[in-house]
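We have chain A already, so just place chain B on it with the hints.
Single-letter residue listing:
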Amino acid sequence: MYGLPDNYNDNLITLLVRDPYCLYAYWEISDTMKASFYSKFGQELWDSSAAMLKITNVTKNSSFYIRVNDFCSDWYINVQDTNCIYVAEFGKKISDKGFISLIKSNYAIVQDYISNNDLEAIFLDYKELRKSSECFDPGNYIDKCNKGIQCTNCLYCENSDELFALSIRDLNPDIKSFKSISKGLSKYLGNSSHDIMRKNNR
Amino acid sequence: MAHGYVAFVLHAHLPFVRHPEHENFLEERWLFEAISETYIPLISSFESLLNEHIDFRMTMSITPTLLTMLSDPLLQEKYITYLEKMIELTEREIVRTQNQAEFKRLAFMYNQKYREDAHLFINRFKYNIVNAFKRLQEKKVLEIIACAATHGYLPLIDVTPNAVKAQIELGISTYEKYFGCKPKGLWLPECGYMPSVEKVLKDYGIEYFISEAHGVLLANPKPVFGTYCPIVTPNGIVVFSRDTESSRQVWSAAEGYPGDYDYREFYRDIGYELDLDYLKNYICPDGQRTFTGIKYYRITGKTAEKQPYNPELAKNKANLHALDFIIKRCRQIEQVSAKIDRPPIIVCPYDAELFGHWWYEGPYWIYSLFKKINIDQTTLRLTTLSEYMNDNPIMQVASPCPSSWGYKGYNEMWLNSKNDWIYRHLHKAAEQMVELADQNQHAEGIKRDALNQAARELLLAQSSDWAFILKTNTAVQYAEKRIKDHIGRFLRLYHDIKEGSIDENWLREVQNQDNIFPELDYSIYASKKSM
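Top line first, the protein sequences correspond to chains A and B.
The letter at position 202 of the first sequence is residue 202 when you use the working numbering, and the numbering goes up by one with no holes.
The letter at position 426 of the second sequence is residue 426 when you use the working numbering, and the numbering goes up by one with no holes.
Just chain A, with the same shape it has in the complex (with noise of 0.2 Å):
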């Protein structure tokens, strides 16, 4: 049988979703991280320091602590929101308000119910749909959370439906007619994405 190594020597720290209040982290900081470490901040200061993992909600621009230890190289963490992004850092506590992050993860989205379902819904030819050659990437919208900021246009924040109807929008400019049943589609053709929030009373 072949062996396995305990580690890659990497630096890096991966989240995955479990479910949607729950997540796990596992991560290494290689030997010329500490070694770095060691050289700006002093041993000591590694080995007093608590290492802990920052848990981060993107979304919602909040954060949370995470004490672990410096043997211990996974963890479940317990999330109370869903329908948000979040990232992980791991490092060392070195005070109350001192936290140095040594390695940042992949960004995880957590997603159960959504909320909001005042969206009328809409009904299309799903042939039609597929001939538009644009996809929808969840991905490309996560990329602009990694700004920091509160965006108005990501499927994950509370503006959701906006996306939604964006997307919809965006993916087919050239559809002319649609076949359905849902009352007041029309309205909607050739509305701006605000003139669609504002129907649907957001």
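Treat the hints as calculated values from the structure; they're not laboratory data.
Careful, some of the hints might be misleading.
[As the list claims (entries may be wrong)] Which residues of chain B face chain A? A partial, calculated answer using Cβ under 8 Å:
1) LEU156
2) VAL238
3) LEU274
4) CYS401
5) LEU415
6) HIS427
7) LYS428
[Claimed, not checked] Result set (DSSO-like, lysine-lysine): computed pairs, CA atoms no more than 30 Å apart in a straight line:
8) LYS140/B / LYS371/B
9) LYS54/A / LYS418/B
10) LYS127/A / LYS408/B
11) LYS127/A / LYS371/B
12) LYS184/B / LYS127/A
13) LYS418/B / LYS92/A
14) LYS484/B / LYS127/A
15) LYS131/A / LYS184/B
16) LYS131/A / LYS182/B
17) LYS60/A / LYS134/B
18) LYS34/A / LYS498/B
19) LYS131/A / LYS177/B
20) LYS104/A / LYS199/B
21) LYS60/A / LYS177/B
22) LYS371/B / LYS34/A
[As the list claims (entries may be wrong)] Cβ-to-Cβ under 10 Å is the rule here; a few derived chain B residues that face chain A:
23) LEU354
24) GLY409
25) TYR410
26) ASP420
Here a beta-carbon is modelled for each residue, glycine too, at the ideal position from N, C-alpha and C.
Chain B alone, transformed into the frame defined by chain A:
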């Protein structure tokens, strides 16, 4: 005219298990048992329906790993050996039970069954039952859909998007190789859906997939027709929702049909009850007990005192359960169709191996069900998923919620304290595979072989089956060994390729051992590869 539709979906999957280095290998029996207990009985049920001019429809996924094993000459030979041993064992059973009439007739039944399997496999299917499924698709009673290459659980390997792309691309190309056409649908392993998979599905021409119920019910916005009509995502991918009620009737350990007292008891198997010396030539020469498939008792009740199995009673019960299923589906359809303006569809996906292997009477129940649907009523009709889409193309646009059909409905089955250790290795290997593909474009000769083999090892390590087995605590040692072997081989190949020191003898050994996907091209991992 039917008021609604029922879409039966069977998902046939086994992980790639092939051990040329051993004459007998315990885990290879998973395939042989599935062929005898599930695939051949299902094909026989479908062919009986056709012979009786009963129209029916079914959608089925057959995974690339299963397609490969069913078509592998070594495994086909081993299956024949398995049948020969089972025929011999059942002949000895006929002698052993000669003074016990109730058991003797069952021993005779099993003997006849294995003889029939041998006849069908050799003479009718010519050693390859994939062709039997293909013929059913050509007759348009069966729609076969694709699946990811090695049934990787995509939401947890999406850390490296190229790994997801490779699983899907290879799954589709394998489908095209075996069936000579493009698939319209794709079975997401474990119904594991995440939003980023849509772009990949769209890029490869997939038109639909199936979601667990809450994936659609919790969609954005809320689906007005619940699970009774498919939705279409903003990207144009149609999503069918599993129906909870019909699932419970078949899957539930407490209230599902398979638990009926007249059905065959799975756990009373001679493999655990007879003398090991009597059995060992027929199960595993190393003396490890296992299920043989020869079982003489019915469930009877919540008691350890089981009664002898009675095939006629079981068959009658299966007929009653078929009728019950239809009545309940008709009731669902009548209630729903009165409230919506289009015909509802009830989507019933199950693991294929439930029918015949776990639930012995399952294939007959399907035969009885489809026959009764055709003859005894007009409220509902069977449909394939593509047929329903073509006839009902107007759908509500909504984005599903990430979900799976596993324990607790999300990712926990494949991410928990028993199996979380695998992911740092899977993710690292995927990252390194992309690196190898990017740095070695247009490789040739032995380097190309090594790159392709590295891709194979990664794919085999990614099978969701290993994480599942680790969680369910069944063949844990085997699952652990498989992950470590594949990652271990990958890491060595990675090192050897980077160092320019490929050991050709070792490479050929590994190629022979893990020989899945012979046409695999490692460049499916390249990040610069254009669509």
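Structure-based check of each hint:
1. Contact between LEU156/B and chain A, as hinted, is supported at the beta carbon level, the nearest pair being about 6 Å apart and thus within 8 Å.
2. For VAL238/B, the suggested interface contact is upheld, since its CB lies about 5 Å from the closest CB of chain A, less than 8 Å.
3. Interface restraint check: LEU274/B against chain A, minimum CB-CB distance 33 Å, threshold 8 Å, status violated.
4. Checking CYS401/B against chain A by beta carbon gives a least distance of about 6 Å; that is within 8 Å, so the hint holds.
5. Of the supplied interface hints, the one on LEU415/B holds, with its beta-carbon coming within about 5 Å of a beta-carbon of chain A, less than 8 Å.
6. Hint status for HIS427/B relative to chain A: holds, with the closest Cβ pair at about 6 Å, below 8 Å.
7. Because the closest C-beta pair between LYS428/B and chain A is about 5 Å apart, less than 8 Å, the hint holds.
8. In summary, the hint linking LYS140/B to LYS371/B is supported, as the alpha carbons are separated by about 17 Å, within the 30 Å threshold.
9. Taking the CA atoms of LYS54/A and LYS418/B, the gap is near 25 Å; set against the 30 Å cutoff, the hint holds.
10. With a C-alpha separation of about 34 Å, the suggested pairing of LYS127/A with LYS408/B is violated against the 30 Å cut-off.
11. Proposed proximity of LYS127/A and LYS371/B is contradicted: the alpha carbons are some 33 Å apart, above 30 Å.
12. Proposed proximity of LYS184/B and LYS127/A is supported: the alpha carbons are some 13 Å apart, at most 30 Å.
13. Restraint check for LYS418/B and LYS92/A: the C-alpha separation of about 28 Å stays at or below 30 Å, so the hint holds.
14. For the given pair, LYS484/B sits about 45 Å from LYS127/A by alpha-carbon distance, which is inconsistent with the 30 Å threshold.
15. Taking the CA atoms of LYS131/A and LYS184/B, the gap is near 15 Å; set against the 30 Å cutoff, the hint holds.
16. The hinted pair formed by LYS131/A and LYS182/B meets the criterion: a straight-line CA distance of about 18 Å does not exceed 30 Å.
17. Taken as a hint, the LYS60/A and LYS134/B pair is broken in the structure, with Cα atoms around 52 Å apart against an allowance of 30 Å.
18. A threshold of 30 Å between alpha carbons decides the hint, and for LYS34/A with LYS498/B the separation of about 27 Å falls inside it, so the pair holds.
19. Pair hint LYS131/A plus LYS177/B holds up; C-alpha atoms about 26 Å apart against a cutoff of 30 Å.
20. Distance hint between LYS104/A and LYS199/B is fulfilled; the C-alpha atoms sit about 26 Å from each other, no more than 30 Å.
21. Taking the CA atoms of LYS60/A and LYS177/B, the gap is about 48 Å. The hint is violated against a cut of 30 Å.
22. Annotation: proposed proximity of LYS371/B to LYS34/A is violated, straight-line Cα distance about 70 Å (limit 30 Å).
23. With 10 Å as the threshold, the beta carbon of LEU354/B stays out of range of chain A, its nearest partner Cβ sitting at about 25 Å, so the hint is violated.
24. Because the smallest distance between the Cβ of GLY409/B and any Cβ of chain A comes to about 8 Å, under 10 Å, the interface hint for this residue holds.
25. Look at TYR410/B: its Cβ gets to within about 4 Å of chain A, closer than 10 Å, so that hint holds up.
26. With 10 Å as the threshold, the beta carbon of ASP420/B comes within range of chain A, its nearest partner Cβ sitting at about 6 Å, so the hint holds.
Of the numbered hints stated above, those contradicted by the structure are hints 3, 10, 11, 14, 17, 21, 22 and 23, listed in ascending order.
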